[in-house]
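We have chain Z; now place chain B onto it with these hints.
Protein chains: 2
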Amino acid sequence: MVVTVYLLIVYDVGVERVNRVKSYLRTELHWVQNSVFEGEVTESQFRRIETNLERIIDRERDSVIIYSFRSERAMNRNVLGLEKSPLDVIL
Amino acid sequence: MVVTVYLLIVYDVGVERVNRVKSYLRTELHWVQNSVFEGEVTESQFRRIETNLERIIDRERDSVIIYSFRSERAMNRNVLGLEKSPLDVIL
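Chains as they are written, first to last, in the numbering used here: chain Z, 28 to 118; chain B, 28 to 118.
Only true hints are included.
Covered stretches of chain Z (in silico footprint by chain B; criterion: 3 or more residues with CB under 8 Å from a CB of chain B, positions within the stretch not fixed): (1) 50 to 61; (2) 78 to 87; (3) 100 to 107.
Read the hints as simulated data drawn from the structure, not as lab findings.
Note that CB positions come from ideal geometry on N, CA and C, so glycine has one too.
Bound-form chain Z, shown alone (with noise of 0.2 Å):
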């Protein structure tokens, strides 16, 4: 059995680098609201996602935080106003 883990990634980052963050993470994750991606991956995947963040951002300027939990069943999830990115439609 593969173990996964659900990431929940939020970022502050240089606007020069905003592009770059955003269209990485979204070939790995989904977008959920502005800045903030989340989803499932295996161990293999986290690392390598922490590996290419590392390579896109400014240490000594940007911050991400990689929030990890054993399953997305850790988290509930409470929208207010608009629903940006449904993520049941992705799933």
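Leaving out everything else, chain B in the frame of chain Z:
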């Protein structure tokens, strides 16, 4: 024993409402990064936060996602680059 939940709030709101959302959430939770707040709250605090956010945002244009977890232990946090607001300094 008071039941608490751990919240992670991300928001994507119109520029004319960002300051109001941010200054309100600063009264309830810890600012973690641009448009990201965290904190442990009681069930009644959780409902108050939802009610107050509903009053501030424009439901047609803005998006707020409230992730809730049974406790902070449900999540692992991995920061790449700058830790804009070291949570351990605040807690």
